[in-house]
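> Please model the complete structure; the sequences and the hints are all you need to start from.
Chains P and U supply the protein sequences, listed in that same order.
Counted the way the working numbering counts, the first sequence spans residues 1 to 291.
Counted the way the working numbering counts, the second sequence spans residues 292 to 449.
These aren't lab readings, by the way, just hints derived from the structure by calculation.
Please read these numbers as outputs of a predicted model, since none were measured by experiment.
Watch out, some of these pointers could steer you wrong.
Here chain U is said to cover these stretches of chain P; the calculated rule only asks that three of the stretch's residues, wherever they fall, bring their Cβ under 8 Å from a Cβ of chain U [said to hold, decoys possible]: (1) 46-58; (2) 107-119; (3) 188-198.
Below 27 Å or equal to it, Euclidean Cα-Cα: the simulated DSSO-like pairs (lysine-lysine) are [what the hints assert, rightly or not]: (4) P:K103 / P:K183; (5) U:K383 / U:K409; (6) P:K103 / U:K410; (7) U:K301 / P:K9; (8) P:K78 / U:K410; (9) U:K409 / P:K103.
Idealized CB from N, CA, C, for every residue including glycine.
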Amino acid sequence: MVLREIRVKPAPFAYVRTETLDQVFDLLDEHGDDARILAGGQSLMATLNMRLSAPEVLVDINHLDGLSDISCDGETLKIGALARHSQVLESADVQTYAPLIAKTMPHVAHQAIRNRGTFGGSVAFADPAAELPAVTRTLGARFVLQGRNGQRTVAADDFFQGLFETDLKENELLVGAEIPVIKDGERTAFMELARRHGDYAMVGIAVQGRLEGDSFADMRVGFFGAGDQPILAKSASAALNGQPNNEDTIKKAQESLNADLDPMPDLNGPAEMKMHLARVLTKRALAELAS
Amino acid sequence: MDQNVDITMKVNGQQVSRRIPARTNLVDFVRYDMELTGSHVGCEHGVCGACTIRVNGEIVRGCLMLAAQAEGSEVETIEGLSDAGEIADLQKAFHERNAVQCGFCTPGMLLTAQELLKKNDSPSREEIREFISGNYCRCTGYQAIVDAIERVAEERRG
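Here it is, written out as structure tokens:
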């Protein structure tokens, strides 16, 4: 058939649907850099289609057992790496115990992508413009990394190390996230500026913290699309803590973003425009948090 | 390693088995191997939504999933939904409201609209816009599409 010959997008690769972790580690050991883990594939497939990436072997982990569960023991919300975005969006546990994530999910891509994309995939890919890496960092999440001989747990703050760079080793698999449950009195806000709903934001903000009387406390302000990695804005958070919720405090938090953010210019505009948008979002998000 | 895979799946209710290159995207498999060309290929990297296909009852981007990953799945395309009459009311409303112009986005738009109405039988116009935001239409300006989906939601509620 003539049509059949037209069908070429990704460079050729072998594909293995794995059923066990041992199988995954065997393939990672054997092929090293030439193997790529295929989870939801909603970023990887696009890079394959554009030939920005050309692995020799795709290791499909979608059929590994026990990695899709969402559960909570009252202190920690556990989200399995293979939980789909649509599953997280509809989870009652996520609504109750991590409302910041619940507010985030409707902004993560579109339904057809949310039906495939996974929580762990988004975290492991560590796109600085994506919502979930920044939101998990804001929440002080910990990630469970599985190696052949055991697991280790890494705080989000140490996990994200640079542009698409994480602490994940070549022969490790991210299997889950552990998120501290929201405490009494903690409030949340999430906002992003995107040209089209669901697309990558130009800049986005995620905030969690408390108001003690009229003053901010335990504030954690996170940003995405504002640097070479998902950002926890430590200076801005410090500028808010213990200070009254007024114009002067907000202005100081906005000014301290210069120390926290280092946005890259892109098709949307120059770095200074993104800094401006980050300041605007800071004011809006804090107003929402306090309302 | 072998760069081909053997796959078996149901496409619009029909059991099919093929040996294909592992790199074949699901939408290309449907178009070239199954010769079902109603699913369209636009941007090929997940932005436009023209390749929307249903796998095990949920819509996916046909360009962001390998055919090999649909092994053992139930795959449904616009042809399947259309022939089964499942979206006859949506098709009629799109036609009557002029929500179809060039038609390139329409199959993906219809599958997305159907998923919305299965999840939410009375979506607001804002919710409709949000749900179809992953499907580009370059002709209609969306107004007529939102009108059509809104009317079908009303009709289905009875």
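> All the hints need checking, so say for each whether the structure fits it.
How the hints compare with the structure:
Coverage of the region 46-58 of chain P by chain U holds in this model, with 7 residues showing a Cβ closer than 8 Å to a Cβ of that chain against a need of three. Three residues within the 8 Å Cβ limit are the bar, and the region 107-119 of chain P against chain U gives 7, so the coverage statement holds. Three residues within the 8 Å Cβ limit are the bar, and the region 188-198 of chain P against chain U gives 3, so the coverage statement holds. Simply put, K103 of chain P and K183 of chain P have alpha-carbon atoms about 17 Å apart, close enough for the 27 Å limit, and the pair holds.
About 18 Å separates the Cα atoms of K383 of chain U and K409 of chain U, which keeps this hinted pair within 27 Å; it holds. For a cut-off of 27 Å, the pair hint linking K103 of chain P to K410 of chain U stands: about 19 Å separates their Cα positions. Taking the CA atoms of K301 of chain U and K9 of chain P, the gap is near 24 Å; set against the 27 Å cutoff, the hint holds. Under the criterion of a C-alpha separation no larger than 27 Å, the hint pairing K78 of chain P with K410 of chain U is consistent with the structure, at around 26 Å.
A distance of roughly 22 Å separates the Cα atoms of K409 of chain U and K103 of chain P; the hinted pair therefore holds under the 27 Å criterion.
Hint compliance for this structure: every hint is met.
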